[in-house]
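Read off the chains here:
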Amino acid sequence: MASEATATVGGASAPPLAAPKRGRLRLSTSESGLKAAHFNNTGFAVALLLPQLLVLLFFFFIPSYKALSLAFVQVDPFGGRTIFVGLDNFTRLIASPEYRESAWITLWLTLAQNVITIGLALLFAFATDFVSRGRGIYKLVILVPYAIAPVISGVLWAFLFNPAVGPLAQMLHSFGVPWDPNRRPFDAQLLIVVASVWKHICYDYIFLVAALLAVPNSLLEASRLDGARPIRRFFTISLPLAAPTAFFLIVMNFTYGLFETFGIVDAITKGGPAGATNTLVYKVYQDGFVQLNLGSSAAQSVILMIVAILFTILQFRGIERKVNYQV
Amino acid sequence: MKERDLGLSIFCHAVLIFAALLVGLPLYFAFVAGSLSIQEVQQTPFPWLPGRYFFANVVEAWNTGDFARSFANSMIVTTGIVVGKLAISLIAAYAVTYFRFPFRMTAFWLIFVSLMLPVEVRIIPTYEAVADTAGPIRWALSSLGISGAIEALTGYQVDAYLQWNMVNTYSGLVLPLIASATATFLFRQFFLTIPDELCEAARIDGAGPAKFFWQILLPLSTANIAALCIIQFIYGWNQYLWPLLFTTDKDMATAILGLKNLIPVSDSVPAWNLAMNAALFVMLPPAVVILVLQRWFTKGLVDAGK
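So the sequences go chain by chain: A and B. Going by the working numbering, 132 is the number at position 132 of the first sequence; the sequence numbering is gapless. Going by the working numbering, 437 is the number at position 110 of the second sequence; the sequence numbering is gapless.
The hints are simulated quantities; they were obtained by calculation from the structure and are not laboratory data. Small disclaimer: the values here were computed from a predicted structure and weren't measured. Ideal placement from N, C-alpha and C gives every residue a C-beta, glycine not left out.
Anything over 12 Å on all C-beta distances counts as not near chain A; from chain B, calculated: (1) V385; (2) D393; (3) S469; (4) T549; (5) A550; (6) D578; (7) M579.
List of simulated lysine-lysine pairs, BS3-like, C-alpha gap at most 27 Å: (8) B:K626 x A:K139; (9) B:K626 x A:K35; (10) A:K270 x B:K577; (11) B:K538 x A:K35.
Next up, chain A with everything else stripped away, as it sits in the complex (with noise of 0.2 Å):
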């Protein structure tokens, strides 16, 4: 673990001394990610983690524990009894066509949420690698919505696209486009998706702008010197090179649609109209907190944790089997 995951994120540094085979032997053994010089006073290390630990059980392993359980059981609303069900809120949810439906929307909002946000921070990356003029402000201005809130991305373009007062939804309505988010599905899952986009791009940018820098020169000079034209030069060279930090970032863009846009979500549409923007994640809150429903909440909780391992693992898988191009 220690020798892959201190690899930069182009992928284009020398990792340290150990060879990657002997990185993965000494993970087995306790003395993995242990200082040479080190200390052996056990009261202390204890002392030290503790506070960590405490916060993790109370806040992490209990709920976690908790949600686990919760999902196999029932709640009757009354009484507060609690009967054992099984797999009972599992199939139901399976079974329901609204979940199904969350679920799909949840996966294209994602999807496309996904491929903008990357597609966009690829262009604008590379023309910050290509210009040598204003880079540093240009910079600057890409980087403020890292700032902003999601839900203020979101207040943000629920204005601009409000059908009654909004600008942008005026210029779509004198083109003769029939704007309106409250009504149309469509116009609702356009809308989330662009304030997701916009709150993002800068994110996956800085990674990006980093990779291309940390592109040896001399394999560009060489290849120039070999006539290729700055175009090619960034498909041939940049781009596999800058490859790792792309699939790190398509993971972290897919964790990011389906956990964090919760409050672009509740700051536009709050899932409507119709459902048509009721992402998974909202949909657990809606479930859970407005209508009490606890063991469904529960059972959807499961799933996305599920999920979320997943992506974890998936960002790991990332980072260890790293492309590497060593020059």
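Following the hints, put chain B in place on chain A, whose structure we already have.
Same frame as chain A, now just chain B:
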């Protein structure tokens, strides 16, 4: 060494100007809307130039949304998250890299798996945990028979006293968010790059673990701490789901929640001018932090993502 390629150069600048407009135009429109009166903001077509009421609107939005209170709340909560997170991650990372003790790797992995489940997927149980933090302790005590024993011996009912509800408290807003696998991992990675000679020298000079940490490790980590402070400040300030769930009391609302309450809903007067104005000043603190400390922040973000 860059070569000249005028066409591509123009194209790239065009792309970047487009990017800048994409970011800037919504903010500019928000500024224009925030400077109009309530009648002006509803006119068609929407004006391109700002109106005269920007500062009047700032005052009105500030008072309507009770932002004096919610900004203070946001500041307290954000500071709590930043300080708490950095403190517990630093010492936990120090423990797993610089100490040999039983179950060292287990502890590391326990912290690490928490990366897997973002808060959004365990909303309800975590809410319960915050509403009844002492619950697990009561359960442990009673199932071990301790509370019964205490009651029999002293007549003191442990269960009745062990109540701890953190809803509508600062600790309820801060504590569940300060566990951080990312920060711990980042510091661990950084500590692994520090030369072993430093620790050896410190030990030869007679420094114990606490002294080594304070006088050597902490000063060396300044750059990482600064970068993480920026990232966590933005993270904390922009929290939405937690405060939404944990603050039923208006006095505990954060700035983001205050803004959310200003958004016009269908049957109210559409005061978008106030909402947009508030959106601008609520995003101001993190935006200033980013613009001023940009270089530290980018490095930290890219490092943290590794």
